[in-house]
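Q: Based on the hints, put chain B in the right spot on chain A.
Line order of the protein sequences matches chains A and B. Counting along the first sequence from 1, when you hit position 52 you're at 87 in the working numbering, and nothing is skipped either side. Counting along the second sequence from 1, when you hit position 89 you're at 700 in the working numbering, and nothing is skipped either side.
What the hints contain is simulated information worked out from the structure, not anything from laboratory work. Note that the Cβ used here is the ideal one computed from N, Cα and C, for glycine as well. Wrong hints could be hidden among the right ones.
Claimed, not checked - Simulated coverage check for chain A against chain B, where a stretch passes if three residues somewhere in it have a Cβ under 8 Å from a Cβ of chain B: (1) 67–77; (2) 85–94; (3) 100–109.
Said to hold, decoys possible - As a list, the in silico DSS-like pairs of lysine-lysine whose alpha-carbon atoms are at most 30 Å apart: (4) A/LYS43 - A/LYS175; (5) A/LYS232 - B/LYS682; (6) A/LYS85 - B/LYS682; (7) A/LYS47 - B/LYS684; (8) B/LYS682 - A/LYS53; (9) A/LYS100 - B/LYS682; (10) B/LYS684 - A/LYS53; (11) B/LYS619 - A/LYS85; (12) B/LYS693 - A/LYS107; (13) A/LYS85 - B/LYS684; (14) A/LYS67 - B/LYS693; (15) B/LYS682 - A/LYS43; (16) B/LYS682 - A/LYS67; (17) B/LYS633 - A/LYS67; (18) B/LYS619 - A/LYS107; (19) B/LYS684 - A/LYS96; (20) B/LYS632 - A/LYS67; (21) A/LYS47 - B/LYS619; (22) A/LYS96 - B/LYS693; (23) A/LYS100 - B/LYS693; (24) A/LYS107 - B/LYS682; (25) B/LYS633 - B/LYS715; (26) A/LYS100 - B/LYS619; (27) B/LYS684 - A/LYS44; (28) B/LYS684 - A/LYS100; (29) A/LYS284 - B/LYS682; (30) A/LYS67 - B/LYS708; (31) A/LYS53 - B/LYS619; (32) A/LYS44 - B/LYS619; (33) A/LYS43 - B/LYS684; (34) A/LYS107 - B/LYS633; (35) B/LYS682 - A/LYS96; (36) B/LYS633 - A/LYS85; (37) B/LYS684 - A/LYS67; (38) A/LYS44 - B/LYS682.
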Amino acid sequence: MVEYQLSKKSEKFIDDLKLYLFSSGKNDVEIKEITEELEVHLYEAEQNGKSIDQIVGASPKEYMKSISSEMKNDYRAWAKYVPLIIIGAMSFSILGDLMQGPLSYSLLKIIGSMINSILFLGGVMFAFRYAARNQVSKIKEFLIFMLPIMISMLFIGAILIVDSIYQTPVINFSVAGSYLIGVIFLVFIIFFSVWAKTAVLIVTLIALHLPTLLLSFTTFNEETRLITSMLITYLLMGLYLYYVVKKEKRKKEGTPT
Amino acid sequence: MSQTQMMKGIIDGCLLAIIAKKECYGYEMAESLSEYGFDTISEGTIYPLLMRMQREGLVTSVLRNSTAGPKRKYYSLTSEGKQELTEFQTRWFQLEKCVNAVIKEGI
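One chain only, chain B, in its complex shape:
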């Protein structure tokens, strides 16, 4: 499995977590991801993911004026989105535990 494929589902979850903290727009999310250390993925990757999450009803968006430039599209979580985030957290902690257990053996 390539790195990007493995990352996709994980980035979905991270985006949900970032949006959960505060309503934000695409560029902010990309900045935030790279600050957390996801700097190998290209920034545009988030848009197809956001489009899908919006279609699935996990996030909603609203256009707002900005002082510095063109209108930005701000995203926030729906109740389904919050639910999905909780499920992702559970899945992730479970997965993290298992993967750690496997790969740490013998170190």
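Just chain A, with the same shape it has in the complex:
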């Protein structure tokens, strides 16, 4: 498909609208329809020297709301993603723990991490909607997204503290059971990566755990190992993100304008 060039401001508005509608749980097909229709309008309006303010009115926020309210809610897309994201996040810590030996979790930890995943997802969705609706600057956007991450970290911290004070029943898995769980999660990650056509889970997993695993064969002392593995993790993630951004950029420049 040939792309038509919109002004930066219009492009940002369309992107924000897409994000807002998606995080409001609207149907993908309908989102595509209305945003494409608006793109056509903005394109023709800009060709005729009109600005986006004449089209969306004084308040883009109100305008997004008025479009959103005419669309049905469709949470099927979310219903598909939410369990995937929660299981994906769980698999990181489970596979990490597995390298330390058989799995063993207290009831509080299991329930706590489930609640935390739901809270975190809710927070991120809220942040998406807030940032999109209010068309905030990049810095503010970053700060808004930091909020659910901070809350989630505090929540995990609180659980760890409470867990060390109060005893809740501990579920111990046998060696075979632990490996079975590990294999199940690994298979899930591979399936998810193929389905979503992304290597992000696998790369994160390798970046998180491979350095620790490899360094455990070395004779470095614990402190050196911790620091080195953390540095390697950041380095690998950084390289991967750099690669993804570059690829995206090439894709964007590759399309005729």
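A: Below, chain B without anything else, positioned relative to chain A:
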């Protein structure tokens, strides 16, 4: 009542009338509205209205290629839409008569 609220139902009817004349797409409707003198409303206002009218089965749409740019979504009236337009016209003429009678008194 704010001006925009009062306008909403009226613009619904006007859009139906514009689409009834000939099949057209969003930008044309907006142009047409402003030519008729509705220049205080922002152009984007028509899209939520079109979405609702389409959901209510008053209009249907079809994508067509254009020579000048991306694909446009053309709207046309369904028989329900035509019916709704007739009802709107009746309601409007009635309302116009009443409002005129009230506000012209004493001028």
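Q: All the hints need checking, so say for each whether the structure fits it.
A: Going through the hints against the structure:
By the rule of at least three residues with a Cβ nearer than 8 Å to a Cβ of chain B, the coverage given for the segment 67–77 of chain A holds, with 8 such residues. For the segment 85–94 of chain A, the stated coverage by chain B is satisfied: 7 residues place a CB nearer than 8 Å to a CB of that chain, which reaches the threshold of 3. For the segment 100–109 of chain A, the stated coverage by chain B is satisfied: 5 residues place a CB nearer than 8 Å to a CB of that chain, which reaches the threshold of 3. With a CA separation close to 19 Å, the supplied pair A/LYS43 and A/LYS175 stays within the 30 Å bound.
In summary, the hint linking A/LYS232 to B/LYS682 is supported, as the alpha carbons are separated by about 29 Å, within the 30 Å threshold. Between the alpha carbons of A/LYS85 and B/LYS682 the distance comes to roughly 20 Å, so the proposed pair stays at or under 30 Å and holds. The straight-line distance between the Cα atoms of A/LYS47 and B/LYS684 is roughly 22 Å, inside the 30 Å bound, and the hint therefore holds. With a C-alpha separation of about 19 Å, the suggested pairing of B/LYS682 with A/LYS53 holds against the 30 Å cut-off.
Between A/LYS100 and B/LYS682 the CA atoms are separated by roughly 25 Å; this keeps the pair inside 30 Å, and the hint holds. For the hint linking B/LYS684 to A/LYS53, the alpha-carbon distance of about 19 Å falls within 30 Å, and the restraint holds. Taken as a hint, the B/LYS619 and A/LYS85 pair is honoured in the structure, with Cα atoms around 23 Å apart against an allowance of 30 Å. Of the pairs offered as hints, the one joining B/LYS693 and A/LYS107 holds, with about 25 Å between alpha carbons and a cut-off of 30 Å not exceeded.
Between A/LYS85 and B/LYS684 the alpha-carbon distance is near 20 Å, which keeps this suggested pair within the 30 Å criterion. Proximity of A/LYS67 to B/LYS693 is assessed by CA-CA distance (about 28 Å); at most 30 Å being required, the pair is judged to hold. For the given pair, B/LYS682 sits about 21 Å from A/LYS43 by alpha-carbon distance, which is consistent with the 30 Å threshold. Only pairs whose Cα atoms come within 30 Å are accepted, and B/LYS682 paired with A/LYS67 is accepted, the gap being roughly 13 Å.
For the suggested pair B/LYS633 and A/LYS67, the alpha carbons sit about 26 Å apart, so the restraint of at most 30 Å is met. Straight-line distance between C-alpha atoms of B/LYS619 and A/LYS107 comes to about 21 Å, which keeps the hinted pair within the 30 Å bound. For the suggested pair B/LYS684 and A/LYS96, the alpha carbons sit about 24 Å apart, so the restraint of at most 30 Å is met. A C-alpha spacing of about 28 Å is found between B/LYS632 and A/LYS67, which places the hinted pair at or below 30 Å, so the restraint holds.
Annotation: proposed proximity of A/LYS47 to B/LYS619 holds, straight-line Cα distance about 27 Å (limit 30 Å). A threshold of 30 Å between alpha carbons decides the hint, and for A/LYS96 with B/LYS693 the separation of about 33 Å lies outside it, so the pair is violated. Our distance criterion of 30 Å between C-alpha atoms is met by A/LYS100 and B/LYS693, whose separation comes to about 29 Å. Pair hint A/LYS107 plus B/LYS682 holds up; C-alpha atoms about 24 Å apart against a cutoff of 30 Å.
Of the pairs offered as hints, the one joining B/LYS633 and B/LYS715 is violated, with about 35 Å between alpha carbons and a cut-off of 30 Å exceeded. For the hint pairing A/LYS100 with B/LYS619, the CA-to-CA distance comes to about 16 Å; that is within 30 Å, so the pair holds. Of the supplied pair hints, the one linking B/LYS684 and A/LYS44 holds, its CA atoms being roughly 23 Å apart against a limit of 30 Å. A threshold of 30 Å between alpha carbons decides the hint, and for B/LYS684 with A/LYS100 the separation of about 22 Å falls inside it, so the pair holds.
Restraint check for A/LYS284 and B/LYS682: the C-alpha separation of about 25 Å stays at or below 30 Å, so the hint holds. For the suggested pair A/LYS67 and B/LYS708, the alpha carbons sit about 43 Å apart, so the restraint of at most 30 Å is broken. The hinted pair formed by A/LYS53 and B/LYS619 meets the criterion: a straight-line CA distance of about 25 Å does not exceed 30 Å. Among the hinted pairs, A/LYS44 with B/LYS619 is consistent with the structure: their alpha-carbon atoms are about 27 Å apart, no more than 30 Å.
Straight-line distance between C-alpha atoms of A/LYS43 and B/LYS684 comes to about 24 Å, which keeps the hinted pair within the 30 Å bound. Taking the CA atoms of A/LYS107 and B/LYS633, the gap is near 29 Å; set against the 30 Å cutoff, the hint holds. At roughly 27 Å between alpha-carbon atoms, B/LYS682 and A/LYS96 fall within 30 Å of each other, so this suggested pair holds. Distance check on the hinted pair: B/LYS633 and A/LYS85 sit about 25 Å apart at the alpha-carbon level, within 30 Å; holds.
Between the alpha carbons of B/LYS684 and A/LYS67 the distance comes to roughly 13 Å, so the proposed pair stays at or under 30 Å and holds. Straight-line distance between C-alpha atoms of A/LYS44 and B/LYS682 comes to about 21 Å, which keeps the hinted pair within the 30 Å bound.
This entry does not satisfy hints 22, 25, 30, going by the numbered hints stated previously.
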